[in-house]
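Chains A and B supply the protein sequences, listed in that same order. First residue of the first sequence: 1, per my numbering; consecutive thereafter. First residue of the second sequence: 299, per my numbering; consecutive thereafter.
Incorrect hints may appear among the rest.
Partial chain A-side listing against chain B, Cβ under 10 Å, derived [what the hints assert, rightly or not]: (1) E62; (2) D92; (3) G119; (4) C131; (5) R141.
Simulated from the structure, these hints should not be mistaken for lab results. Predicted model, so just to flag it, every value in this text is computed and none were measured. In this text, a Cβ means the ideal position worked out from N, Cα and C, and glycines have one as well.
2 protein chains.
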Amino acid sequence: MAARRPSPPPASPPPPRPRSTTTTRTTSSASAAPAAAQRLVAMAGSGKFFVGGNWKCNGTKESISKLVSDLNAATLESDVDVVVAPPFIYIDQVKSSLTDRIEVSAQNTWIGKGGAFTGEISAEQLVDIGCQWVILGHSERRHVIGEDDEFIGKKAAYALSQNLKVMACIGELLEEREAGKTFDVCFKQMKAFADNITDWTNVVIAYEPVWAIGTGKVASPEQAQEVHAAVRDWLKTNVSADVASTVRIIYGGSVNAANCAELAKKEDIDGFLVGGASLKGPDFATICNSVTSKKVTA
Amino acid sequence: MAARRPSPPPASPPPPRPRSTTTTRTTSSASAAPAAAQRLVAMAGSGKFFVGGNWKCNGTKESISKLVSDLNAATLESDVDVVVAPPFIYIDQVKSSLTDRIEVSAQNTWIGKGGAFTGEISAEQLVDIGCQWVILGHSERRHVIGEDDEFIGKKAAYALSQNLKVMACIGELLEEREAGKTFDVCFKQMKAFADNITDWTNVVIAYEPVWAIGTGKVASPEQAQEVHAAVRDWLKTNVSADVASTVRIIYGGSVNAANCAELAKKEDIDGFLVGGASLKGPDFATICNSVTSKKVTA
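Hey, can you work out the whole structure from these sequences and the hints?
Rendered as structure tokens:
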């Protein structure tokens, strides 16, 4: 397969390949938007739309209590999986106050069973406290704390072995994109996950170009679509067509209430991993509900 | 000052220098042992005896609830500061159920203000949830996670700036002791702390020879005393006589209910940082109460 070269930064990339799989979804849940019949326009994957909120190292007991009440009051489309990831020390508070409609994730976990690892939290402990998910390989763990691909891949294997679902993060640095290495970097990171994952049912891939995280510089929908499609192709080639078609590939990096609808229209963007905007309940709900921009009235 | 060479491992080291400072303490608190007048035999420092419990990456909601009830029921001498350090995700549970007699610590913290640091917990957040202490520079963070002296020193500065008290850990690897480098290693680690600490009031130094942690190979009382005395001398030379005489220097590394009394008799051992034994309430209480072995009936 000829090596695919990602488009250069900001310049407009080649148009994404045409792909049309439509699934009819109707929105129906106690707290869902009015139930006009709608048809999902384009979603390459067959997985449900997925939005995760990564609160990172933000929040206090008080601000989190307010955020939880906003989330509990939000009206969410029924056909979107919603997960939030509080800092470790607030998970107990969130688990005991947040609606079950929204699942809870940790932002990291230890690589194996617990024990003499001062400062670490094991996957068993996260399950014990009621976490369903964990974010692994976030670029801040990679480039600030120094976790490498192999370490992250092993974490994924162990988390999944303890029935913790994984948001597996990948993404290139600006200099890597500018050097035309986006796909090389993402595929290398994907390989480290794939070497350690046998069952992808509980895995969501989060493509987060590092240059778009917390910078206000969001990838264009075309740029994100291009990488998502390439990652899906990579899965098809290196894992299986089935996994490629079912795994959710979500985008992260300066996603907000204003830009989510355009991004969501892209067929290989199955949702979002949201940073700063996930700390504002109404904005986060808007991003969750951007699944509607993938739908047209039947 | 001639470079001090630590005694070789296990072989019996030279006898510790004579030092006699006695302070009369009587045990008197609602839950303290019978109050026969007793006199503190030998404590080089003037600080209160201090025992910390580092639960590391151990425990579940259930086991921790049992441990907390054991600790709540324990009879503790009045003249010992007692602190326990649960894993991050259980701190909320422990804070809301543990007696105020025992303070709560985290096992690690981030190096600065919170923000886009996925997986990390800031000092502000630890204070927000009710932590009074944090363990920094534990050998597992140094040698398993890879934190270096400078990183740890900066963490200490920031934690103290947010009114979080610090258990500052130092200690040599086996190969370093066998190469006669115990003091070099400990003094280098101390310097990284001292470069970042201006007020030592809320600092406790924990000497934990790495070769004694979780190995069952406890340092002999003489070996520990020798390093504690050397560290106190280092403080006298490099910080101040006042800090040297007031700061608590505690020992950690395979401390248990059986060996704590002998260790506690040593004048420069001001208490303990306890690993595995801190997960058993009665044993931990025994170690807390080993302050009595520093006392004789007046």
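Run through the hints listed earlier and report the numbers of any the structure violates, in increasing order. none
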